[in-house]
Amino acid sequence: KQEVTQIPAALSVPEGENLVLNCSFTDSAIYNLQWFRQDPGKGLTSLLLIQSSQREQTSGRLNASLDKSSGRSTLYIAASQPGDSATYLCAVRGDSGANSKLTFGKGITLSVRP
Amino acid sequence: DAGVIQSPRHEVTEMGQEVTLRCKPISGHDYLFWYRQTMMRGLELLIYFNNNVPIDDSGMPEDRFSAKMPNASFSTLKIQPSEPRDSAVYFCASSPGQYSNQPQHFGDGTRLSIL
Chain A
3 KQEVTQIPAA LSVPEGENLV LNCSFTDSAI YNLQWFRQDP GKGLTSLLLI QSSQREQTSG
63 RLNASLDKSS GRSTLYIAAS QPGDSATYLC AVRGDSGANS KLTFGKGITL SVRP
Chain B
3 DAGVIQSPRH EVTEMGQEVT LRCKPISGHD YLFWYRQTMM RGLELLIYFN NNVPIDDSGM
63 PEDRFSAKMP NASFSTLKIQ PSEPRDSAVY FCASSPGQYS NQPQHFGDGT RLSIL
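Chains as they are written, first to last, in my numbering: chain A, 3 to 116; chain B, 3 to 117.
There's no promise every hint is true.
[Claimed, not checked] With a cut-off of at most 20 Å between alpha-carbon atoms, the simulated EDC-like pairs for lysine to aspartate or glutamate come out as follows: (1) Lys3/A <-> Asp59/B; (2) Lys70/B <-> Asp59/B; (3) Lys103/A <-> Glu64/B; (4) Lys3/A <-> Asp97/A; (5) Lys103/A <-> Asp59/B; (6) Lys44/A <-> Glu13/B.
Keep in mind that the hints were calculated from the coordinates and are not lab data.
Hey, can you work out the whole structure from these sequences and the hints?
In structure tokens, the structure reads:
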């Protein structure tokens, strides 16, 4: 059974800092990995999706990397801003077909201090 | 694009009562998902539909839970009878086409409290 772990559960940084959020998964047989953002009282917003054959994806100040063999992914946020404060979740999709489920981590709650 | 719309946003009811959560997916999206989020277990998929047909309901915790999608623009998740351990935030999400490579669009959730 796939397990997704995100440590630490919470992180506080000063504005302007570059930071890395970590995600690890136990079963390397994945189809893709996604990073989501969740604001308080809201649903999830997809940030980046990395296919199993890819190493990284970039969108603006965000860069996500994937090392499938070691079961790790990182989300890099450059020049963090208070508006980046939210919970960040990673999720993996198994490779047992395109209709396999997403397994989510419990998220990292990020606070960026002005 | 109005996004995925869920109602109600908050529901507080007593144990044993029937609870019905509602979802309107984004127009044109073929897939609809129901998730439950708790502090202990995180986000879990309960059931998903493709073209209004339930495809995988293995995440539905027990027979007290049921979900329907009578048409492409509406789905319900029903709990009968409700129990305190059902308290959670329930999310509905939808996605277009071959969903494995498409991002899922989430509603803002229904926060359910069973007393």
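* Hint check, failures only -> none
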